[in-house]
Amino acid sequence: MNLRKLGLAALCLALPLSATVAEDSYPSKPVNYIIPFGPGGESDITARHQQPYFKEMFGQDLVISYKPGGGGAVGWSQLNGMKGDGYTIMGINLPHIIIKPQQKDVGFTTEDIAGVYMFHYTPDALVVTEDSPFKTLQDVVDYAKENPGKLTLSGSGKGTANHLAQIRFDQMAGIKTTYVAFKGTGKAVTALLGDQVLAEWGYTSVGAAHEGKVRLLAVAMEERHPKFPDVPTFKELGFDLVGGAYRGIAVPKSTPEEIQVQLSEMIGKINADPDFRARMENDGMALLDIDRADYQAFIDKQAEAYIAAAREAGVIE
Amino acid sequence: MRTEAVPGAGGRDLGGMVACAVFILLAVLALWDTTSMTDSDSYVFPRTVALAMIVFCLAYMGWQLLWPKPPEAGTAPPGSTPRRVGLVLAMLGAAALMPWLGFVICGVVAFGSIMALAMYEAWTPRRLLVYALVGVAVVVGFYFLFAKLLLVPLPLGTLFE
Amino acid sequence: MPGFEYLLDALTPLNILLALGGVIAGTVIGSLPGLTATMAVAVLVPVTFSMAPASALILMGAIYTGAIYGGAYAAILLNTPGTPSAIATTFDGFPMAKRGDGDLAVTLACLASVSGGLVGAAFLLVLAPPLATVALAFGPVEYFWLAVFGLTLISALSEGNLLKGLIGACFGLLLSGVGVAEISADVRFTFGSQVLLGGIETVSALIGLYCIPVLIDLVATPDRHLKVTHAPRGFRLAEALAISWRHKWNLLRSSVIGTLVGILPGAGGSIAGLVAYSEARRVSPRREHFGQGEPEGVQATESANNATVGGGFIPTLVLGIPGTPPDAVILGALLIQGVRTGPNLFTEEGSIVYTFIYGLFLATILMLPAGLVIGRYAYKTIVTVPKAMLVPTVAFMTLIGTYSIRNSVSDVIIMITLGVVGWILNRVGFSPSPIVLGLILGRIAEQGFVQAWTIGAATENLTGMFFGRPISLGIIAFIALSLFYPLVRARWVGRRRKIDAD
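These protein sequence lines map, in sequence, to chains A, B and C.
For the first sequence, the working numbering begins at 1 and goes up steadily by one.
For the second sequence, the working numbering begins at 1001 and goes up steadily by one.
For the third sequence, the working numbering begins at 2001 and goes up steadily by one.
Source of the hints: derived by calculation from the structure; they are not laboratory data.
Cβ coordinates follow ideal geometry from the N, Cα and C atoms, glycine included.
Among the hints, erroneous ones may be present.
[What the hints assert, rightly or not] Simulated pairs of lysine-lysine, PhoX-like, Cα-Cα distance not exceeding 20 Å:
#1 A/K235 <-> A/K135
#2 A/K135 <-> A/K227
#3 B/K1148 <-> A/K29
#4 B/K1069 <-> A/K55
[Unchecked claim] Cβ pair distances, simulated, as ranges:
#5 B/R1126 <-> A/V261: 56 to 66 Å
#6 C/A2137 <-> A/G174: 29 to 39 Å
#7 A/Q60 <-> C/L2014: 22 to 32 Å
#8 B/Y1120 <-> C/R2491: 47 to 57 Å
#9 A/D131 <-> C/V2134: 42 to 52 Å
#10 A/R279 <-> C/L2011: 55 to 65 Å
#11 B/T1048 <-> A/Q171: 27 to 37 Å
#12 C/S2193 <-> B/W1123: 33 to 43 Å
#13 B/L1129 <-> C/K2248: 25 to 35 Å
[Stated by the list, open to error] Chain C regions said to be covered by chain B (calculated; three or more residues, Cβ under 8 Å):
#14 2080–2087
#15 2294–2307
#16 2376–2390
#17 2424–2430
#18 2444–2457
All chains, please: the whole structure from these sequences, using the hints.
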């Protein structure tokens, strides 16, 4: 407690006016929300969803800017070099922040990232076209068993949630399928729709965005997704596959703890808004409420599963 | 290091050949880097391209040796070399110092120095004043356009935070 | 005309204002090197939340159209493509400017852009759903061959220097591999450097390789940048109209090419411009003049790249798959507004779509007066401003423009470095275009190749994969044509001359 007071006092002396003002009434000016990807992607869209609620609840603008490069690595490697006054926040994604540092020196480590909230995930889903001969998940497994390696599935990138889902499922079902990496979910869906591949490892959000053209065979959630009540979960069908691409928010490490906690509560408040939840779910997202206190435990748990699967895939050594 | 198209030397395109040699070195460097790649998908394409580049460069050099053709560019570049170097240094300096000194300061200094480098007419006091004002106006104007209107987070300079 | 009843909806005062404002803003933004249409549209997304979907679309579409046209200014007057779509415009645009016909070039670009935009929008209006299926038929293999086609085109255009063109293209291809590979999540060619982790960004490389060498040479001599042989005489509109009418088939053909290429998600305006240019050159009786300031060249590229606007909306609206990066942002904005894309969009939400398409027509038509006026001012400014003002301003613009692409200082440093490299290469006879195109197409080529290989290997049908698909075969035929046609023709002409001489 004393240490914290000392730290706060030091902060008051060291930083100019804005910091002291920030402590009393954060946020008192617009908050810069950096997306480490290009505009138009899923991270951008979820941020846009949050934007109006932030403004309404806290009175300040959430200004979205982009810092793409290296699949997010450029943004994350620069995060801790940014000003830690609570007015700079950045989107973070799992499994990216766990897998990337394991591969090569990407300028940041998983432990370096000071996450304050994980607010949603897009659950993995096995997607096929509307008129595909595969009607159930079992059809897919049967086909793969009879034709090892011939089942082509598209997905976004390598070492990503899609890829790891394919690896884990292949292990669980004892089959061998071929994963074809595309740049981004959009291209992966295009390949599916154009019949370039037989199925796609995508997300529930794909099912929402292309309703009527695709079918979801299973979703990787604990319970069925509210928007797709007819689609079974992998668990129901006997495969313990729960996961997807998780998104959250982090701040520079140097941000004072008070502000980090406050930010965590703020995002949590947006997340609890029923209207916000409805919109997100309508777009096929699933909400998550991991606040700052639970963040580290969550990361550790996910890391275990991810790293094992990535090693299997040869993505990391 | 600047290669210039030098006539003579048997009317060969010496500059082009030196460039080809440099490209071959780059290709070898690229090939060396591919040996550290774990996934086979990573190196298929770069290796093919690097090899193709070496082939093309050797072909060009061979061609020039057998059927020399003088280069189109001909002579040494006309005009003042120091000014050219000055321009590049001014821009590099501005870019490198931006995170520390902030955008506006680096912008103004870069603008001013490049203006001096590009100035071929005499400096009258009036001219100096007008140009300086316009320069500052341009820098500040663009700053507002980008930072305020387009919401680009321009570096403000860590020295001032 | 489908959806005619919505034409009036498009002509509300608000929509007209949005269309006009959007086009003007877009043109100005597109003309500044480093500022892209994507950026402009992304900034406006929050503004559109409070608008009706159709009006939001009209605004964003207008900006997009204006920005693609605006890229021509820098291409013609500064030899710097303002956007990648304008790369091919530099081939003839800048020579025209150097010879004193810059104002004519700018006006021609305006007329061509308007024509291209109208053709693209017309296809969008009438043929969107069937054309969208074409977008789906393009798989990884087709993209690979398309990229190869683009690269052979650019090498073939470096006449007499085919080898140098190919070497430049290879250099660009290697540069495209720097950074994190999409297809394997490996980190390549960074040699441990943080700066290169994000890869070499296309627009910053564009500015570096094209614009910086121009600045370097401008600073070195006291000569004026562009020759002005006569007082700027208005728009030279009559002259431009005459030329446009004379070459109307060029305009039409290039617009169609642009629309078709625009339909292919990810192909981009640069390929469209290149293919249209190459075709125009192949069939033109004045082909020797291409590359030295031939108006047909400017017409071909500018109409093609504006046609990609309308073409790009086809997969975006019908399939929910963005045709180009600005389309991705627009799609995101629509999603937030709750508008679901898909073939149903045309039937159930016809009001939104058709109002928008008519609005796009409107914006394109409004681009004619707006574009001419802005173009005139751009030309006058660049030509009359003293060098000591012009050079620092442009240099400064490149600094701030490149920085704002990815909010990265590294990009700026890469740009300047590539600029020096580009200047050196220029002196020894290597043109920047193959390098830039290698950079742009390298990613498409590599991804297409690896994906096709993976699928082919999995289905145990490699040769069939690469050489057995109808569209691929068509593209391969074009590749062969562009490589061998000049040789065949030269032979044939030579033989003809011999026969006549005998």
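Numbered hints the structure breaks, given as an ascending list: 4, 9, 10, 13, 14 and 15
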